[in-house]
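Take the given structure of chain A and dock chain B to it, following the hints.
Chain order of the listed sequences is A and B.
Position 18 (the first sequence) corresponds to 1045 in the working numbering; numbering is contiguous.
Position 37 (the second sequence) corresponds to 1064 in the working numbering; numbering is contiguous.
Keep in mind that a hint or two might mislead.
Same chains, same names: a pair is fine if it fits in one copy or spans any two.
Stated by the list, open to error - Once the Cα atoms are required to be at most 20 angstroms apart in a straight line, the calculated SDA-like pairs of lysine to any residue come out as:
| no. | residue 1 | residue 2 |
| --- | --- | --- |
| 1 | K1153 | V1123 |
| 2 | K1038 | H1170 |
| 3 | K1044 | R1054 |
| 4 | K1051 | L1136 |
| 5 | K1038 | R1058 |
| 6 | K1044 | H1170 |
| 7 | K1044 | L1075 |
| 8 | K1153 | A1175 |
| 9 | K1153 | L1052 |
| 10 | K1038 | S1157 |
| 11 | K1038 | V1161 |
| 12 | K1044 | R1122 |
| 13 | K1044 | Q1133 |
These aren't lab readings, by the way, just hints derived from the structure by calculation.
Number of protein chains: 2
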Amino acid sequence: MTMMHTPDEEKVFQVEKLLRVMNKLVRRRSRRILGEFGITPPQFEALLAVREHGEITVGDLSNRLYLAYSTTTDLVDRMERNSLVERIRDENDRRVVRLRILERGQEMLREAMLARRRYLGSVLGKMTASETDVLVTALSVLHSHMVAE
Amino acid sequence: MTMMHTPDEEKVFQVEKLLRVMNKLVRRRSRRILGEFGITPPQFEALLAVREHGEITVGDLSNRLYLAYSTTTDLVDRMERNSLVERIRDENDRRVVRLRILERGQEMLREAMLARRRYLGSVLGKMTASETDVLVTALSVLHSHMVAE
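Same shape as in the complex, but just chain A:
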């Protein structure tokens, strides 16, 4: 167990910036895949939310995305036409409509994930095995302290 101390401000600045900039670069790559599936970033976020929260209602989805109900309905209409999700009736209350991710939606999310890994794979391919090992260890240490925070 390490004692708490005040870390070097410049180091905090660097870590924050590096994580933020790299995340932006990775995201940019995985988003190229979106165009191939004919979907927009907000539809992608909606798809992630539907997968994460199982059979979610449009109302819950609009709360999760912080978008107006009408905006969310438009998003869902386009996603349904694109065979990414389907609307289903709640078995206990037929008035309630829920969303379910379809195979094409799952495939879209898998492809976006593969694009992230391909990109990071090509970047790690330029580092030595020991540089990569040091990176994995350092990130794991940072992550473990974040989770404990």
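Quick look at chain B alone, frame taken from chain A:
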């Protein structure tokens, strides 16, 4: 210069996951600040875009955010009422309306950034100085290869 090679698949998997999970944790912290300013994540994204692209039109903003024009107008209305941005007339073409970030908007973005740094500062405070140095170096190496990619 390092020769390109095929990196260990498991390592790629770990780096991708660690970066993604940590980004989510950092984002969650900085978003707590949003509530204090009474703004939603989509308004926060819009504010970042207005700051990044200077005096942007509502049309350009809606393209950047991949949201319908009417949705973007609603966002901007609420941001203007919240004194985060203001609408200004283009000097050369009075029909064109542009958005400009206001002091309160800048302050909001500064506070969100400070929240990220505070959080990472408290996490790095649990690591030793040498663990932090290794982390900064490893992230810098990864970043340099990403930028060169």
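Status of L1075 relative to K1044 across identical chains (alpha carbons, at most 20 angstroms): Answer is between; shortest inter-copy Cα gap is 15 angstroms, intra-copy 26 angstroms.
Within, between, both or neither, where K1044 and Q1133 count as close if Cα-Cα is 20 angstroms or less: between (32 angstroms within a copy, 18 angstroms between copies)
Alpha-carbon proximity context of K1044 and H1170, limit 20 angstroms: Answer is both; intra-copy 16 angstroms and inter-copy 10 angstroms each pass.
Identical-chain pair category, K1044 with R1054, by Cα at 20 angstroms: both (15 angstroms within a copy, 13 angstroms between copies)
Alpha-carbon proximity between K1038 and S1157, which holds within one copy, between copies, both or neither at 20 angstroms: between (23 angstroms within a copy, 11 angstroms between copies)
Alpha-carbon proximity context of K1038 and H1170, limit 20 angstroms: both (16 angstroms within a copy, 15 angstroms between copies)
Intra- versus inter-copy proximity for V1161 and K1038 (alpha-carbon distance at most 20 angstroms): both (18 angstroms within a copy, 11 angstroms between copies)
K1153 and L1052: within-copy, between-copy, both or neither at 20 angstroms Cα: The answer is within: 17 angstroms in one copy meets 20 angstroms, while 28 angstroms across copies does not.
Intra/inter-copy verdict for K1051 and L1136 if alpha-carbon distance must be at most 20 angstroms: Cα proximity of K1051 and L1136: in one copy and across copies (18 angstroms, 17 angstroms).
Intra- versus inter-copy proximity for R1122 and K1044 (alpha-carbon distance at most 20 angstroms): For K1044 and R1122, the Cα distance exceeds 20 angstroms both inside one copy (48 angstroms) and across copies (39 angstroms).
Within, between, both or neither, where K1153 and V1123 count as close if Cα-Cα is 20 angstroms or less: neither (52 angstroms within a copy, 48 angstroms between copies)
20 angstroms Cα threshold - placement of R1058 relative to K1038: Neither: 30 angstroms inside a copy, 22 angstroms across copies.
In summary, the numbered hints that this structure violates are 1, 5 and 12.
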